[in-house]
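Peer 1: Note that the protein sequences, when read in sequence, are chains A and B.
Read in numbering that gives the first Met the number 0, the first sequence has 37 at position 38, and its numbers run on one by one without any break.
Read in numbering that gives the first Met the number 0, the second sequence has 53 at position 54, and its numbers run on one by one without any break.
Be a bit skeptical, because a hint or two may be false.
Below, simulated BS3-like cross-link-like pairs (lysine-lysine); rule was C-alpha separation at most 27 angstroms, straight line [as the list claims (entries may be wrong)]: (1) B/Lys140 - B/Lys169; (2) B/Lys106 - A/Lys50; (3) B/Lys106 - A/Lys111; (4) A/Lys46 - B/Lys140; (5) A/Lys111 - B/Lys110; (6) A/Lys83 - A/Lys111; (7) A/Lys111 - A/Lys31; (8) B/Lys106 - A/Lys46; (9) B/Lys127 - B/Lys106; (10) B/Lys140 - A/Lys106; (11) B/Lys110 - A/Lys106; (12) A/Lys50 - A/Lys31.
Please keep in mind that the hints were generated in silico from the structure rather than gathered at the bench.
Note that the structure is a prediction, hence the values are computed from the model and not measured.
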Amino acid sequence: MRLIVHNMLSCNIRGVANKFPLRIEPKKIIVKEVDFNPDFLKHMIAKIDWKALVDGARSMGYTELPDHAPDTTTLESDESFLRKFHHSLLELHLEEGSLVCSETGRKFPVNKGIPNMLLHEDEV
Amino acid sequence: MKLKQLEGLLGDLEQFSNPKVELEQYPTGPHIASRMLFTAENSYGDITDKVVADFGCGCGTLSVAAALLDAASVIGFDIDPQSLETATLNAEELEVEIDFVQCDITKLELKGQIVDTVVMNPPFGTRKKGADMEFLSAAMKVASQAVYSLHKTSTREHIKRAALRDFNAKSAQVL
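The shape of chain A in the complex, shown without the other chains (with noise of 0.2 angstroms):
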């Protein structure tokens, strides 16, 4: 699971206010490399949730994230920063572990780099 993945998932269980984003408590990250795109990656920035950005790559062992994305002006002329944000948002990989909901404290877990986002029957 990258953190594209993470920025998405809420919790699901019935009558939960406080569901995004979930907690990563890793066991295992593996890092992968991809093709940097900066044209993607600038349209990205208004549509991340940046703290959630921020915090799950901290826990996932990643502290080089700003703690606000800058502004889009100076954005073009700012590489260092994308590559920041492609490594974070698209190179690292939860592969064992669990996204936990802050709420519930329910965990969700992660295993080969898929969460299990399935609900018990007295959580729907």
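Let chain A serve as the given structure and place chain B on it in line with the hints.
Peer 2: Showing chain B alone in chain A's frame:
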């Protein structure tokens, strides 16, 4: 990539070894999968450099097709762990990067506007009545730009009406 090449690559994918009838599992054939995604990209620009979600991805045929057409990010969603294992193998075999999520699509809550396009070959509702509409409703909530979905010919008008009236579609077309 040429259409024939895409079709050829999809034809080599592993499919369900023991399809589960109650989930309406059946492979999406390479002929239709390649044409569906090729049209989505060449006529509408909805795949390359986009975030694409595959709802009910099964063994990942549509996901792999989207990745081969250079989607920026592809995410496959399915309820069945065996299918997801096969889909993972298929992605590795074709050397494409696809994220997978195990879930019940009708209970999933996805936040934000990250997904541009949803592609899917959903259950038609022959086992669980209304499954096709549940998938369509879920897809329409998640996709910020477009949904490409395969349905029974007999349901064409019903689907178009539901999409426009109930699911907030700006337009609905049979391609």
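Peer 1: Indicate, hint by hint, whether the structure satisfies it.
Peer 2: Going down the list of hints, with the structure as the test:
About 13 angstroms separates the Cα atoms of B/Lys140 and B/Lys169, which keeps this hinted pair within 27 angstroms; it holds. Proximity of B/Lys106 to A/Lys50 is assessed by CA-CA distance (about 25 angstroms); at most 27 angstroms being required, the pair is judged to hold. A distance of roughly 22 angstroms separates the Cα atoms of B/Lys106 and A/Lys111; the hinted pair therefore holds under the 27 angstroms criterion. Using a Cα cut-off of 27 angstroms, the hinted pair A/Lys46 and B/Lys140 holds, with the two alpha carbons roughly 16 angstroms apart.
Of the supplied pair hints, the one linking A/Lys111 and B/Lys110 holds, its CA atoms being roughly 23 angstroms apart against a limit of 27 angstroms. Of the supplied pair hints, the one linking A/Lys83 and A/Lys111 holds, its CA atoms being roughly 25 angstroms apart against a limit of 27 angstroms. For the hint linking A/Lys111 to A/Lys31, the alpha-carbon distance of about 14 angstroms falls within 27 angstroms, and the restraint holds. A distance of roughly 23 angstroms separates the Cα atoms of B/Lys106 and A/Lys46; the hinted pair therefore holds under the 27 angstroms criterion.
Under the criterion of a C-alpha separation no larger than 27 angstroms, the hint pairing B/Lys127 with B/Lys106 is consistent with the structure, at around 15 angstroms. For the hint pairing B/Lys140 with A/Lys106, the CA-to-CA distance comes to about 25 angstroms; that is within 27 angstroms, so the pair holds. For the given pair, B/Lys110 sits about 18 angstroms from A/Lys106 by alpha-carbon distance, which is consistent with the 27 angstroms threshold. At most 27 angstroms may separate the alpha-carbon atoms for a hinted pair to count; A/Lys50 and A/Lys31 meet this at roughly 23 angstroms.
No hint from the list above goes unmet by this structure.
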